[in-house]
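Chains A and B, in that order, are what the protein sequence lines are. Following our numbering, the numbering of the first sequence begins with 1 at its first residue and continues without gaps. Following our numbering, the numbering of the second sequence begins with 1 at its first residue and continues without gaps.
Worth flagging that the hints you see were computed from the coordinates, not collected in a lab. You may find that some hints are simply not true.
Unchecked claim - If you want the footprint, here are the derived chain A segments under chain B, 3+ residues with CB under 8 Å:
1. 179–185
2. 196–206
To be verified - Sample of chain A residues at the chain B side, in silico, Cβ under 10 Å:
3. G191
4. A320
5. R322
Just so you know, even glycine gets a beta-carbon here, dropped at the ideal spot from N, CA and C.
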Amino acid sequence: MITPGRALAIVGLLAIAVWPLAVQDVFLQRVGALVLLAAISASAWNLLGGYAGQVSVGHALYFGIGAYAGLVVYTEWGWPPIAGAPLGVAVSATLAIVVGLPTFRLRGHYFSMATIAAAELARILAANWPLLGAAVGLMGPPRPRTIADLSFTSPVPYHYLFLAVLLALLGLTALMQRSRMGYYLAAIRGGDRAARSLGVPVLRYKLYALLLSASFTSIAGTLYAVMVGFVDPDSVLGILVSVKMIIIAALGGAGTLYGPLVGATILIPLEETTNALLGGGGTGITYIIYGAIIVFVARFQPGGVAALWRHAAAWRARRAARGTHAA
Amino acid sequence: MLLDADDIAMVFGGFRAVDGASLSVEEGGIIGLIGPNGAGKSTFFNCLAGDLLPTEGRIRFAGSDVTRATPEAHARLGMARTFQVPVTFEDMSVADNVMVGAFLRHRHRAAARRAADEVLAFTGLDRLADSRAGSLGTPGRKRLEIARALATEPKLLLLDEALAGLTPAEIRTAIELVRRIKARGITIVIVEHIVEVILTLAERAVVFHQGKVIAHGAPREVVEDPAVVAAYLGHHMKRMRQ
């Protein structure tokens, strides 16, 4: 059935699909690709932070592992960076279990703080580890050797690569949402104690959500490294990487399928425009925007843009009901 | 015996909230746990449900030792419960709350949906199925907790003060629901501090006082027991009666 929500989703995804062909400006094309990349990592965060309600502020850990994995396979073995994706996923999944088992016993703010600690530990480790280029970081191939390096001057190929990954992730999320796992994650978000009393193996499902979430965050990190061709500890493991995922998901609507994509569509153009207008000296403005968004979402609409849409749908339903009543 | 709790003690620091209490529950029937506030009923109840690990004693349920089993293992074995203060999943619809319970026995969504619909109709919540659980009042939430617990298809249902805070009319409909649950062959243990509820509902009553079981038997006889009267009214009142 074509509901207004589904129609909007189809129109939105079509607009995203034709965007780089419709605009010829390289800056706008690049913004489009960055929106999709941010949407991938925020959607991955959303699996754990949104659906299961376990607010991780340390997802930079997995993003950074994916990004470093992409460039380490190049610097060590000369492989194309994208070949680092499976390595990043394997390391991220292993660390997810190591970090998840002890921290999932913590609740609320304590869980969030423990995830920050894990990511900061990784950042400090990377900044002192020669294999990872220490504080200087790692560079990708200076010029493309083969097509497998996925090194393009135009943002358009990246746009379609990111779109394919995002669609796969959203498809998987939609399937999960309708399955037992989707209900169990929502129950965990509603309250551990009640969920367990109904037979939900809470720890096991939190780990499932984290494994999925960490794996896709790691893939987003590898894609970032492939496109940007350079990583250093602050740009991929810094706390702002984690905070950005949360802000994007919360702005669009945490725990909803399209929320992170909507949030990325708002935040990334804003951020890129201020950076472009104000130049290098204007990067501080980004933090002011982040702060302002946190305050506004928390104060006025904790459900994000998705909640505004739901309110509008409820209003339409009420109006329709009144209409039939009068007739 | 469906449930056998033997010599349970629960110690918090130096305080023995439950102090050597035993309870045996046969299949079928409704058993009431009563006692004044602070008698240790709820603590004992949480030991039975696996929410608290008792300091001493053993609990057997449906043929397995569940003393150290997790709450989710209890649910799988067929023990369901409600909470003294309802903890429904506020952001989910009433139907989806019940679906969470139904998924325990039904792996697939369509089968879980059918089971949930049946429970919603049985508990009279079908008209509210699409409402947000957080929009319900206390009676609705208590009923939803019972529905969610029934959806796990339990052998034994533990009700923790399921009638507290309800008006007399709401208590009557709740009592009627508990009777219909019993008629489905589900054994019920109900904790209540309103003695009248136990008198009308339970076939057997167990009285708690200061962490111990001080009387058990038919409800009418139990409430006449001098020790029970003393526990509820205090020794002062007992002397006045004499």
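Comparing the hints with the structure gives:
Taking a C-beta to C-beta cut-off of 8 Å, the region 179–185 of chain A contributes 4 residues in contact with chain B, enough for the three needed, and the coverage statement holds. Coverage of a stretch by a chain is defined here by at least three residues with a beta carbon nearer than 8 Å to that chain's beta carbons; for the region 196–206 of chain A and chain B the count is 7, and the condition holds. Annotation: interface hint on G191/A holds; nearest CB of chain B at approximately 5 Å, less than 10 Å. With 10 Å as the threshold, the beta carbon of A320/A stays out of range of chain B, its nearest partner Cβ sitting at about 15 Å, so the hint is violated.
A distance limit of 10 Å between C-beta atoms decides the matter here; for R322/A the minimum to chain B is near 18 Å, and the interface restraint is violated.
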